[in-house]
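Participant: To convert, count from 1 in the sequence shown and add 784; that's the numbering used here.
Treat the hints as calculated values from the structure; they're not laboratory data.
The reader is advised that the hints may include incorrect statements.
[Claimed, not checked] Within a straight-line C-alpha distance of at most 27 Å, the following computed DSS-like cross-link-like pairs (lysine-lysine) qualify: (1) K1204 <-> K1369; (2) K1108 <-> K1211; (3) K1204 <-> K1143; (4) K861 <-> K878; (5) K1143 <-> K1185; (6) K1235 <-> K1168; (7) K857 <-> K968; (8) K881 <-> K968; (9) K1247 <-> K1414; (10) K861 <-> K1012; (11) K1105 <-> K1143; (12) K1108 <-> K1186; (13) K1258 <-> K1214; (14) K1146 <-> K1185; (15) K1337 <-> K1284; (16) K1270 <-> K1211; (17) K1214 <-> K1028; (18) K1270 <-> K1028; (19) K1043 <-> K1143; (20) K1270 <-> K1289; (21) K1369 <-> K1349; (22) K1043 <-> K1186; (23) K980 <-> K878; (24) K1186 <-> K1235; (25) K980 <-> K1186.
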Amino acid sequence: MLDLFDKKQKKENSYEAKDIEVLEGLEPVRQRPGMYIGGTDKTALHHLASEIIDNSMDEAVAGYASTISITLKDNNKLCIRDNGRGIPVDNHPKRPKLSTLEVICTTLHSGGKFNSSKAYNTSGGLHGVGLSVVNALSEDLLIEVNREKQLWRQEFSKGIPKYKTKKIQESNKKGTYIEFIPDKEIFGTEVIFDPKILREMSESKAYLFRGITINWEVESDIPENREKLSFNFPDGIKDFLLNKLSNGPLLIEEMFCGKTNLESEGEIIEWAICWPIKLESNFLSFCNTIPTIEGGSHENGFKSGLTKAMRTFGELNNIKKVDKISSEDLLGRSYGILSIFITDPQFQGQTKEKLSSPKTQKSIESYLKDHFEVWLNNNLEISKYLLNETILRSEERIRRKKEKDLNKNNLIQKIYLPGKLADCSQKEAKGSELFIVEGDSAGGSAKQARKRENQAILALRGKILNVATSTIDKMEQNKELIDLKKTLNCGTRDKFNIDKLRYEKIIIMTDADVDGAHITSLLLTFFFQEMKELVTAGKLYLAQPPLYRITQKDITFYAMNDEHKDEIIKKYFKSNNKLEISRFKGLGEMPAKQLKDTTMDVNNRILIRVNLPRDIIPETSIFVENVMGKNPEKRLQFIKDKVKANDINFVD
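Take the sequences, apply the hints, and build the full model.
Facilitator: What follows is the structure in structure tokens.
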């Protein structure tokens, strides 16, 4: 009997040729989109846009395109046009029954950037999967090519051609036009293009390649959503950095910037860096116009080259302690941009967020060290001042490390508060407030606007984990949730102790837009699921930042929404003469004084307390599961019902 059971088990667990599945064409992309674009979230969606835009930028870098137009339309359709050479349309020699255009759109690892044909010397697309991946993940994609005085067209649906490449008409234009709608089956209905991200992408591409004109437009039936801009930076990243500084004060008045060729033909490095007093430190790096968010070898070479040059400068001028400075001490308060164009760059992963080219690191370090040494010696006064400031930061860093080590050795029990927390000075919970904000920019504004004695600021990075769909292990490893729990110090679920709560009021303060509402809903879900007693005790509040500022001469009002804006204008302004209406893009862009006056000052602000009577907890649990849980059908039905009824109300 046991032998028969073993044979049956072996048969059920067999691993034979018939068990091997072969995915054809673009099927692998639709089956596993995360392998190609990193997931199916908002970041992954915008990676589709960057793939097409980068192809147009490659035409510009190669010297064939001078203008790129990017348009976002109402139905989440993105349109990109360039005046480059146009994708080849003649039949492909290896697939004579197909046009080259169709091969590129339907075949992974096809493109003109693999061999040494010099079609592209330096390019951002190297894997040959960009356009084909976008095609595979689009419910509809249309491509038009103006080439050799003819207009050609082909359309696809989910990667499958609707018809063969066909000639439409004669044309004196040149270039490629692509429009596509991301597939809702892949990304869902809630993940859509963000105009702000696309606008910033358009702007960054323009300053990374000086002289290129990038036209950005949002077409919408709603007038206030429309936008039309044109970006052109004759001096490249230097222009962009000057715009960012907005004539703000600098630690030293000179900017270290330049552009030079590297060893290989056509390889270029361009940089600009300064030391602002008020602007938050930031370092942006790019390779062949691709943003390298996680840095890599070019960033390491840049930082190492500047640090070594500063040490050499200090030694030549007999300045002590120069050997102890690090790149963090020199660049910790700087705002810098590094852009390189190199042949055959090595990236980690298809999404190209980190450069891993060891040769590039050594080359950039050597070039930048020489250039920075010359710059330092040509600007002796400011260079010595910069070095002195760097040494002071080095001494402070060393002092903090010693203090930290001492505290670690001497204190057995201690609350380790997260670095993102700007705590208030008072120690007792009564009368204290914690503002939870999203992002460093909003955190910076809130820190300046707060009342230091009793108002603390915790800046979270991005949208927190949706705890309604996450495992306990995943939650315990999430840095943002760890920081939040450490800050509050009251435990979660059955270990929750309200007597240990470090603040009397917990205030969620997010932007007055859709993203802000999403972040608020994620935080509300966290508090309901993990710290229910905190909510029932009436400790949780929602801040109400204004959306508009209305000014006429010396009279100023703030409006919470469009209806409030119209009401204020009708009630207090008899004439529209010189009436200025500004819309706040986010808390991070709101001046600290305005943020204080409108949202954080106890005398002026509006707080909404989140009310959770105990008798509705079971009903609320079902509501949270339907809206935030794993079942998308229930969430979609809720949205449809509420949009129809127009009566959404989460708090009172």
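Participant: Please flag the earlier hints that this structure goes against, numbers listed from lowest up.
Facilitator: 2, 3, 4, 5, 6, 8, 11, 13, 14, 15, 17, 18, 22, 23, 24, 25
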